[in-house]
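> For reference, the chains in residue letters:
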Amino acid sequence: MSQTADPPVSPQAAGSLGRTWEAFWFTPADSRPLAAVRLAAGTIGLLACGSYAADLAGWFGPGGLLPVETVAAWRSPLAFSLFDACTSVTALWAAFVLLAALFGMLAIGLLTPVAALLAAVGWAALLNRGPMLAGPADDCLAVLLWCLVPGTAGEHLSVDAWLHERLGWKVARPRVRSRLSLGLLQLHAAVIAAAAVFAQLKGDVWWNGTGLWWVTTREAGRLVDLTGPLLASEYLCNLLSQGIVAWELVFAIGVWFLPTQRLLARLAVFVWPLIGLLIAEPLWGLALASLTLPLTGWFSASGD
Amino acid sequence: MEIRGGSGAAPTLEAHSDAGELPLRQTPPTADLMMPSHPATTRSEPVGWAEVPRAVATVLLTVYLVGLGLTVVGNSGSGASLLVAVIKGRLYSPWMVPAWLDLGFDHPITYGQQTDADHGLEFRVHGAEDWQTALGTNTGGPRAARWQRLLRAVVASEQEPGREGLLPAGFGAAVFAACGSDDVDLRVVIRPRPERQLPLAVSDPVVAYQARLRQLSGGELQLIKREARREVAPVAAPGGTP
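First to last, the protein sequences are chains A and B. Per our numbering, the first sequence starts with residue 1062, numbered consecutively. Per our numbering, the second sequence starts with residue 3, numbered consecutively.
So that you can see chain B by itself, here it is in the shape it has in the complex:
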């Protein structure tokens, strides 16, 4: 079956020229070409590229297409081989990352897990009862989607070596100003979603991340993450009674 390019294709090539962009077909000069006052027309003859520019473009395209393949494979959520990661990291990432081209297009939309659910950012002066909600998290449309990504990144970063606590600590100055205190609690909550088979009901939010953030007298920032309590087995006393 014939593989086809876009609809903008012009007539097929009939000859090659050796230098730059030159007319491929020799035609008598038309009125349009002879009269520069009426030049904007697509009835002019198409021009092709000479051998050398085509060869250069082919090399560049091949390099890019290999990079595109590597980024799609290398950015997959399932992981990729070490070889792919090394080749991509050494040869392609240095120029594709700044250009925002190191993309896997790994967009599942949802996996139906808690990490996909709605997140909310809340904070309060340390020890206070009521939590305040960050304003942007209650908005709609693409703006709300950016807030959701930010909060998911806060939670997900806790599982990524080197990134733990980085974003919550960065929130420091903004949250201190919002609370009017240098000692605050902040948390990210997740609103669980109902199963399709169950009646719609609003569940209590689950705290996915909570930390106390305070500024010490020297200006140093201290982040104390609140760990979830885990159930442990009772310690058996030597005498037999716990």
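The shape of chain A in the complex, shown without the other chains:
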């Protein structure tokens, strides 16, 4: 007896899924938005390097607080760092300055494909040298850098573009590689926001509206002191705390849908840095805003 069972996925659904996948990842895209992200990533990288500079030798140098043996025993056995090999202060500073120079090259778009790859490798190496020092902004910057690697972020607003124009080498055009980069940026922007929501909802303070209070009363690293207004108004405290969670949730979902995508992305360019300022993680806010830059439409070829 022969039986004809329904296929687990209908051909229409599979075809639709396949077309959506193809359109999302493989439609050639203009690289102007990537140039904006590249500029932001290079600048954030320089700022992040600045937060290491004052303590570099005090942490990682000979006789520093974090000797290589201690860190190697503390971190994952799978991790390694090129900075482990820097056993003198001179070598350590040379490697660090090289990394900062790579971020500078990325920002101005000089030898962009090489600079993007080496900056991502170098940043991962610095973080693996002291994993206990790394925070949310460092994670987001690492993702931002790796997302830029496959794309052609140097085709616009860059020294590369200027040189290519002068020499008549390469035509800037929509490419699949750029689309892959843009897709990865969008995906990570949503994943990071969603993961932050899930992490916050595990704690009572984000439900009862006191989350921002506990952040504001931390003095170390604080950029804005809101203790006065938050103490004066319980409603303001609740509004801001729960507003942060609500924003992350709305952003993580809304960024995938046509009617809300552009509006949310444009809001995100201002809201993420503002949240970063409130929670004393300014680079985290800037990195998240950078991830959403391509979705704003401000840098598209048509200018719409």
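Careful, some of the hints might be misleading.
[As the list claims (entries may be wrong)] Which bits of chain A does chain B cover? Going by a derived footprint, with three or more residues having C-beta under 8 Å, they are:
hint: 1; segment: 1081-1088
hint: 2; segment: 1122-1135
hint: 3; segment: 1202-1212
hint: 4; segment: 1290-1304
hint: 5; segment: 1330-1344
Honestly, the hints are just simulated from the structure, not real lab data. Nothing here was measured: the structure is a model prediction, and the numbers come from that model. We put the beta carbon where it would ideally sit given N, CA and C, even for glycine.
Model the placement of chain B on the given structure of chain A, informed by the hints.
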């Protein structure tokens, strides 16, 4: 509802080619393309990928997306199933950890607990009265945030098997040099934060970790952790009087 990609999307695909990046639409050569002295323009035709590169990219993307899902689930502070941990550890961590991609993005900002409060590092020559504060802990901005993470890691490591005492022992050489002695005390203090309903007041710091660190004559480092005294019930003597 339509799911939408980024704004950099170019016109839709109209044809596929079999080899590498080839023009998808045949158009008459434009002046820009014919004159290499003016090449930098986005008015050139978009190029798509052939079947094989797209298939390879699809496989790579799928592998990465599965890894991304596993790292988000596997790095959650709530823990994850053993299966997730094993799959992630065996297949993904070996290449994601060195690239700093084994991330859960588990950033709660705060849970309002003591572990989130401001930490400070203090040290002194063993037996001395006054404590010195480590310089970096009093700074502001992202630099201070790194110090806070380091000190939180010192305290949190005491609860993690295999990591107890590792970081304080590593501080040895730096603290010996700062104190000018081979026998020092160091401690991590936490400054409690006020409840929102209570008036702002500076509370006394709580010692979260304290240890004596000394270098023995053979160069060996000795770490003697100071344990908090716990209240115990009085031992009852056989005669009935304690």
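> Check whether three or more residues of the segment 1202-1212 of chain A sit with their beta carbon closer than 8 Å to a beta carbon of chain B.
holds (count 3)
> Tell me if chain B covers the segment 1290-1304 of chain A under the three-residue, 8 Å CB rule, please?
holds (count 4)
> Checking C-beta pairs, does the segment 1081-1088 of chain A have three or more residues closer than 8 Å to chain B?
As far as the segment 1081-1088 of chain A goes, the hint holds, because 8 residues have Cβ atoms under 8 Å from chain B.
> Tell me if chain B covers the segment 1122-1135 of chain A under the three-residue, 8 Å CB rule, please?
Satisfied; 10 residues make the cut.
> Quick one: see if chain B covers the segment 1330-1344 of chain A, three-plus residues with Cβ-Cβ under 8 Å.
holds (count 5)
Taken one by one, the earlier hints all hold for this structure without exception.
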